[in-house]
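*Asks:* Between the sequences and the hints, there should be enough to build the whole structure, so can you do that?
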Amino acid sequence: MQPINQVKGEYVRELVNKGIREGGRDLLEYRAIDVKHGMLPNAEGSAMVTIGNTKVLCGIKLDVGEPMRDKPNQGNLMTLAELLPLASADYEPGPPSPDSIELSRVVDRGIRAAGVIDLDALFIEEGKVWSVFIDIYVLNYDGNLFDAASLAAMTALSNCKLPKYENGEVIRGANLPKLPITNTVTSCTFAKMGNKVLLDPNGSEEAIMDGRLTIANDTENIVRSMQKGLHGAFSEQELDHLLDKTFEKSKELRDIISKSRSD
Amino acid sequence: MGGAGEMNATGNIPELIVNGKRLDGRAFDEMRPIKIVAGGLKNAAGSAYIEWGNNKILAAVYGPKEALPKHTQDPEKAVIKCRYSMAPFSSLEEHGRSGPNRRAIEISKVTREVFENVIIREDFPGSEIDIYVEVLQSDGGTRAAGITTAAVALATSGIPMTDLPYAVSVGKTGEHLILDLNKAEDNYSDADMPVAIGPRNDSILLLQMDGTLTKEEVMRGMSMIKKAGQTITKLQKEALRAPYESIMDRYK
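As given, the protein sequences belong to chains H and D, one line each in that order. Count the first sequence with numbering that gives the first Met the number 0 and you get residues 0 to 262, in order. Count the second sequence with numbering that gives the first Met the number 0 and you get residues 0 to 251, in order.
There's no promise every hint is true.
[Stated by the list, open to error] Covered stretches of chain D (chain H as the covering partner; in silico rule of three or more C-beta atoms under 8 Å from a C-beta of chain H):
| # | segment |
| --- | --- |
| 1 | 94–107 |
| 2 | 199–211 |
[Claimed, not checked] PhoX-like mimics (lysine-lysine), calculated; alpha carbons at most 25 Å apart, straight line:
| # | chain 1 | residue 1 | chain 2 | residue 2 |
| --- | --- | --- | --- | --- |
| 3 | D | Lys69 | D | Lys108 |
| 4 | D | Lys76 | D | Lys55 |
| 5 | H | Lys70 | H | Lys163 |
| 6 | D | Lys236 | D | Lys34 |
| 7 | D | Lys80 | D | Lys41 |
| 8 | H | Lys160 | H | Lys54 |
| 9 | D | Lys64 | D | Lys41 |
| 10 | H | Lys177 | H | Lys60 |
| 11 | H | Lys258 | H | Lys160 |
| 12 | H | Lys54 | H | Lys244 |
| 13 | H | Lys60 | H | Lys70 |
| 14 | D | Lys76 | H | Lys7 |
| 15 | H | Lys195 | H | Lys163 |
| 16 | D | Lys64 | H | Lys195 |
| 17 | D | Lys76 | H | Lys195 |
| 18 | D | Lys214 | H | Lys250 |
| 19 | H | Lys195 | D | Lys214 |
| 20 | D | Lys69 | D | Lys80 |
| 21 | D | Lys225 | H | Lys244 |
| 22 | D | Lys55 | D | Lys233 |
| 23 | H | Lys244 | D | Lys214 |
[Unchecked claim] To be clear about the criterion: a stretch of chain H counts as covered by chain D if any three or more of its residues have a C-beta under 8 Å from a C-beta of chain D, and this derived list gives those stretches:
| # | segment |
| --- | --- |
| 24 | 106–113 |
| 25 | 215–228 |
| 26 | 232–246 |
Quick caveat, the hints were computed from the structure, so don't treat them as lab data. Glycine included, C-beta positions come from ideal geometry on N, C-alpha and C.
*Replies:* Here it is in structure tokens:
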């Protein structure tokens, strides 16, 4: 989170109390979202998501690995997030911060819980499975990394290639089948400020928000993961309302992903 | 418990409900037995110990004291530092690696955020309050049990709080919502939703979930948690009262 000066904070809070926001959007409206994919052909999957000034890149690699001992017939999924020092004056090089660990684990839980990847289809032979590495690279921070990261991961997965494994060798490159995808998951993140709740907080809103709630749902509007963050509390009525809002707003996000598939 | 929930060699998922009861004989909305002891660790400003089913967890609070290193200080309020950690010998499986893993770092963060809500931090500018949660034996639901214990530890320290939070999880197996998942249920259930509540106005202080739940199930799960919370709150308060009652008995 970026420390912004008190004046800016008070300005943003004043706006929100009036029900308006920087850039003139409504409390429950996303900033402009732009999604591109396939820009890194060396990676099996890639996507870049821009939400306002937030920019998140996702790269996916598949390697042959050993299955987990308790799941010998399933592929592996690993999600890591990097808050790169070039993304914000507040990010520093070093071991992963609790914020980056939380980001990657929340994105991972949504994908895993929704069964986005058919892990059974990643079995190669006894003792050998595909490991899917999802790497989230935050390139520019201006709030709402959760939705940007999950949208980038979902878009990259939707357009990800599945390499071949023949005679002990991994064959990568062009003309490969797509990684089988069996569900679509997206998340909506809300910020609580006083008694107001807003969707898709930007950087200056996140700097003064009291609480944060991320809800991930799939195509059937089944809730797949939730994560509350920060000290601020939510009431049961708010949760009820925000679940409905998530179902409503997630359609926009799923449309973006399905459009990327047909490109 | 023991091997009941362990996966067999073929990787089949064990049946979690048999004859309308759970593997350990509980009803769907029944918690495991909970025993809380307040105090116990003399050096700490406050401490508590819980036995929640087969979970055994210690919580201790140090501070308020000068926040160090200095750059972590907040001139307006105390900073809360929290470390949730599982002992390497705490699980039924192999020896765990020591040091915080990614899971523990996330749990430390969400636990800290629960107490940032209730501690009156403005009373202690520039200082830090440390909350330590040590899981000595684990059997599912340790983050919820840890929060419930840490709340008691904080209360014994005398650090002013606006509420006494509790936490418990709800999950789903098949079409049934089940309260307070143990390890086997946690491993093989269709959903898990740990929640911490500030009982004064039922505010949601921790909410995590993964799996498969409809909106109706999320809301029904919240009701189950609040109902269980009445029992947990009562046990927390009894634990806080107990040391003083034994003193009073002496003068009867």
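*Asks:* Take the hints in turn and mark each one as holding or not.
*Replies:* Hint by hint, here is what the structure shows:
For the segment 94–107 of chain D, the stated coverage by chain H is satisfied: 5 residues place a CB nearer than 8 Å to a CB of that chain, which reaches the threshold of 3. Taking a C-beta to C-beta cut-off of 8 Å, the segment 199–211 of chain D contributes 12 residues in contact with chain H, enough for the three needed, and the coverage statement holds. The hinted pair formed by D/Lys69 and D/Lys108 meets the criterion: a straight-line CA distance of about 20 Å does not exceed 25 Å. Taking the CA atoms of D/Lys76 and D/Lys55, the gap is about 32 Å. The hint is violated against a cut of 25 Å.
For the suggested pair H/Lys70 and H/Lys163, the alpha carbons sit about 22 Å apart, so the restraint of at most 25 Å is met. Under the criterion of a C-alpha separation no larger than 25 Å, the hint pairing D/Lys236 with D/Lys34 is consistent with the structure, at around 12 Å. Distance restraint check for D/Lys80 and D/Lys41: the Cα-Cα separation of roughly 20 Å lies within the 25 Å cut-off, and the hinted pair is therefore satisfied. This hinted pair checks out: H/Lys160 and H/Lys54 have alpha carbons roughly 23 Å apart, not beyond 25 Å.
A distance of roughly 17 Å separates the Cα atoms of D/Lys64 and D/Lys41; the hinted pair therefore holds under the 25 Å criterion. Among the hinted pairs, H/Lys177 with H/Lys60 is consistent with the structure: their alpha-carbon atoms are about 13 Å apart, no more than 25 Å. Restraint check for H/Lys258 and H/Lys160: satisfied, since their Cα atoms lie roughly 18 Å apart, inside the 25 Å limit. In summary, the hint linking H/Lys54 to H/Lys244 is supported, as the alpha carbons are separated by about 24 Å, within the 25 Å threshold.
Between H/Lys60 and H/Lys70 the alpha-carbon distance is near 21 Å, which keeps this suggested pair within the 25 Å criterion. In summary, the hint linking D/Lys76 to H/Lys7 is supported, as the alpha carbons are separated by about 21 Å, within the 25 Å threshold. Annotation: proposed proximity of H/Lys195 to H/Lys163 is violated, straight-line Cα distance about 51 Å (limit 25 Å). A C-alpha spacing of about 34 Å is found between D/Lys64 and H/Lys195, which places the hinted pair above 25 Å, so the restraint is violated.
With a C-alpha separation of about 23 Å, the suggested pair D/Lys76 and H/Lys195 falls inside the 25 Å cut-off, and the hint holds. Under the criterion of a C-alpha separation no larger than 25 Å, the hint pairing D/Lys214 with H/Lys250 is consistent with the structure, at around 16 Å. As the CA atoms of H/Lys195 and D/Lys214 are separated by approximately 22 Å, the hinted pair is consistent with the 25 Å bound. Under the criterion of a C-alpha separation no larger than 25 Å, the hint pairing D/Lys69 with D/Lys80 is consistent with the structure, at around 14 Å.
A threshold of 25 Å between alpha carbons decides the hint, and for D/Lys225 with H/Lys244 the separation of about 24 Å falls inside it, so the pair holds. Taking the CA atoms of D/Lys55 and D/Lys233, the gap is about 19 Å. The hint holds against a cut of 25 Å. Restraint check: the Cα-Cα separation between H/Lys244 and D/Lys214 comes to about 12 Å, which is no more than 25 Å; the hinted pair holds. Counting residues of the segment 106–113 of chain H whose beta-carbon sits less than 8 Å from any beta-carbon of chain D gives 4, enough to reach three: the coverage restraint holds.
Requiring three or more residues with a Cβ within less than 8 Å of a Cβ of chain D, the coverage given for the segment 215–228 of chain H holds, as 9 such residues are present. Look at the segment 232–246 of chain H against chain D: 9 of its residues bring a Cβ nearer than 8 Å to a Cβ of that chain, three or more, so the hint holds.
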